[in-house]
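Here is how the chains run, residue by residue.
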Amino acid sequence: MSITLDQVTKHYGGIPVVNDVSLDIGDGEFFVLLGPSGSGKSTLLRAIAGLTAVDHGRIALHGRDVTHLAARKRGVGLVFQNYSLFRHMTVADNIEFALRVRHVRARVRRARRQELLRLVALEGMDNRLPAQLSGGQQQRVAVARALAHKPEVLLLDEPFGALDAKIREELRRTIREVQRELGITTVLVTHDQEEAFAMADRIGIMNLGRLLESGAPHDLYSRPATRFVATFLGAANVFLARSSAAGIQLGAATVAAAERPPDTREHEVVAVVRPEEVAVAATGAELGHGFVAQGVVDELVFSGALERLRVRLENGAAGTPLLAAADGGATPYLEVTRTQPEQRSFEVRAGQSVAIGVRRVHVLPTPLSSFAACAASAADAEALAHQPLLSELAARMKTRIAVRCEPQLGLGAAGPAGDAAFVGATVIASETGAAQRAAWLLERGAREVLVLPAQAAMPQRVLIHWLDEAARRATLAVSESVLRHVPAEAQYVGTLPAGTAEVAQDLARRLAQAPGQMLIVGVSNLERFAERFHALLDGGRWPLLIVYRT
Amino acid sequence: MSFRKPSVLPGFGLTFGFTTLFLSTIVLLPLAALVLAAASMHWSEFMAVVSSPRALGSYRLSFGASALAATINVVFGFVLAWTLVRYEFPGRKLIDALIDLPFALPTAVSGIALTTVFAQHGWIGRYLEPLGIKVAYTWLGVTLALTLISMPFAVRALQPALLEVQRDLEDAAETLGATRFYTFRRVILPTVLPALLTGFTLAFARAVGEYGSVIFIAGNLPMKTEITPLLIVIHLEQFDYRGAAALGVVMLLISFAVLLTINLLQAWGRRRHVQAAH
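In the order they appear, the protein sequences are chains A and B. Residues 1 to 550 (the numbering used here) make up the first sequence, in order. Residues 1 to 278 (the numbering used here) make up the second sequence, in order.
These are computed hints drawn from the structure, not numbers from a lab. Glycine is no exception: its CB is placed at the ideal position from the N, C-alpha and C atoms. Hints should not be assumed to be uniformly reliable.
[Stated by the list, open to error] Distance windows between CB atoms, simulated:
#	chain 1	residue 1	chain 2	residue 2	range
1	B	Leu-131	A	Ala-162	32 to 42 Å
2	B	Arg-271	A	Arg-118	26 to 36 Å
3	B	Val-75	A	Asp-65	34 to 44 Å
4	A	His-62	B	Leu-189	33 to 43 Å
5	B	Asp-96	A	Ala-235	31 to 41 Å
6	A	Ala-60	B	Ala-113	40 to 50 Å
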């Protein structure tokens with residue numbers, strides 16, 4: 001491995017800007033770190049270069065631990081967005097800088113300089129000053145300068161950010177060619193997904209300081225594992241759908257997902273449909289099996305090769321309603337892109353009614369699909385749905401909060417649950433009797449119960465613990481899903497040897513120690529649940545997520 | 001580039017006319033009068049005044065102490081400007097404002113304040129006394145006063161230049177293998193050299209012309225701690241206007257020569273860059 005990152009973490013002002021990143025980058029690989037601004041990608045790059053010290057974790061270059069090594073001894077080349085050339089030096093002096101520092105003889109320096117100038121297609125520019133070059137040329141000089149001392153790793157921090165589109169394209173090609181010719185391991189940081197696709201062997205996507213997923217561009221695009229990656233990498237229609245043994249139920253259609261979720265039990269899933277996987281036709285019959293619903297073309301934008309449609313779905317018309325657009329919007333819209341041949345075979349106008357079909361559905365493996373605020377009265381449930389942490393969490397997860405009224409909630413074993421099965425994570429308020437209510441919900445099929453105090457805010461630390469081995473995997477999966485949306489530190493709390501009643505008390509004690517903590521706890525045994533969890537749940541001042549799996 | 005460019009201010013004719021008039025009235029005309037007054041002297045008379053041992057001694061002190069003060073200010077002004085530009089710390093704005101204080105203070109006040117502190121029994125002077133260091137009433141005191149009043153010029157000239165030295169440049173140098181000292185010498189210093197020269201020039205020019213603060217701390221012993229501006233005032237007090245004018249002309253010539261040299265130096269530096277490009 002060329003670059004190995006092991007649980008790298010960096011805080012600024014108590015907030016983790018790089019949070020527990022582990023990554024291996026192979027020899028000669030072109031790796032692109034992609035993420036929105038503020039996602040921590042540049043900080044991570046600077047940490048690899050040695051310009052930023054990490055708080056925790058290990059960085060190794062070619063098997064050599066460099067975590068505490070100064071930047072100048074790491075043997076990396078770094079290229080900045082604003083070129084950062086030495087303006088008082090000629091191109092030649094700039095390129096030879098690293099060689100002069102190393103006391104390389106003039107003849108050797110000159111030969112190396114000429115070789116590099118040829119590589120970046122700037123022969124004969126030796127005696128120019130940076131101010132006399134165009135932006136694209138300056139960045140080429142910066143690349144040559146960064147390569148002069150034959151670094152083992154080339155790091156590029158948004159190198160095309162300051163260039164216009166055409167120069168950008170040209171320089172991209174040059175850099176890719178140089179990288180291939182030298183076979184140098186390269187990490188490029190960018191927020192431009194098109195750039196990432198164009199250059200990367202592998203892409204790593206960062207958000208809120210975490211490396212969410214990494215993989216080949218095509219794999220990430222067609223099989224994202226998280227909502228963020230699905231929507232950040234290209235356009236995506238995200239739906240809450242039902243998955244059963246028959247397939248994924250989307251409106252009138254039951255489509256086979258590209259990958260079947262392992263769980264055959266009927267449950268809610270997050271489904272992703274790429275705009276190019278949506279088909280439109282005059283009638284549902286033309287679409288065959290894939291017919292999902294009727295819709296009305298709301299907007300039509302022609303953009304050269306592709307035509308972009310925004311189609312408003314007509315819910316309910318086709319029997320089973322298509323579940324709301326994942327963000328909870330009242331009327332779900334579908335983004336559709338169509339190629340020229342598709343446009344020719346069926347022309348549409350704005351305002352036209354069309355039949356919508358789906359060619360391919362991808363189901364995200366995320367265990368948290370949506371939230372349902374649950375209380376004994378409709379008013380209480382409605383109020384709970386507006387709890388700030390819940391609203392923020394749902395907004396970040398781009399999912400909806402349903403409201404569920406259970407008049408019998410927590411009233412002994414007799415009361416039946418409402419007709420519908422529990423969908424998504426069920427949320428209840430943290431108050432006296434919350435343990436009773438949580439037990440009641442779990443016994444009736446709820447799999448995740450989130451207990452929220454009225455004033456709870458975004459946690460800074462998430463404690464994770466499972467009481468039984470059977471709940472371990474699910475607890476980890478749910479924790480991962482939560483942590484993707486919360487810039488908090490994760491802390492695994494080891495199992496204590498004592499009895500379970502004391503474990504709950506110990507966890508409560510830890511939570512009471514500092515504010516801003518949240519607990520995710522896995523259980524697989526509901527025996528005397530309310531009694532055992534009394535200390536944790538009844539009037540606790542912390543958010544607590546129970547994951548129940550048997 | 002066109003000589004006449006549309007702009008928000010009234011036309012070129014008006015502004016250029018005003019510029020010439022303004023400069024002539026408050027700069028050129030008084031200087032011409034000075035030269036004229038000196039020119040009415042006989043050459044031998046002129047030489048007797050300007051090359052008297054007392055006058056020569058005052059030039060040495062005036063220009064020597066000014067050059068020393070400007071050098072001190074360039075070095076420590078760099079540190080000050082660097083601290084203010086690069087670091088965020090509580091009270092940064094306050095210190096930044098303090099820099100300008102010598103601008104605003106009547107120079108006599110600065111002189112009196114310095115004398116109080118550095119006199120034989122002053123707050124600092126009393127500790128320097130046993131070490132054999134005398135500040136007040138020596139050339140050291142003169143230099144100190146000149147350093148104080150010219151300090152803002154050096155700092156304010158350097159600040160914008162240091163703002164331009166982006167941290168990225170240092171980061172780039174570091175990843176290329178340079179030590180901090182190498183980076184400072186090869187990257188930072190060359191980048192701010194023009195500003196350093198400007199700062200030196202401004203501080204020097206200000207110090208040469210200083211009068212108010214120096215006379216309090218200098219003791220004004222002829223040949224030892226007497227600066228040229230003071231000598232001019234002494235001539236004036238004796239109603240020797242022509243002698244004062246003669247000394248004034250010499251100061252004018254020396255100052256002009258120094259400033260011209262520095263300017264030429266800067267121009268040469270710039271030209272060297274351009275030449276390197278061909």
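(message) Tell me the hint numbers this structure goes against, listed in increasing order.
(response) Hints 1, 5 and 6 contradicted; others consistent.
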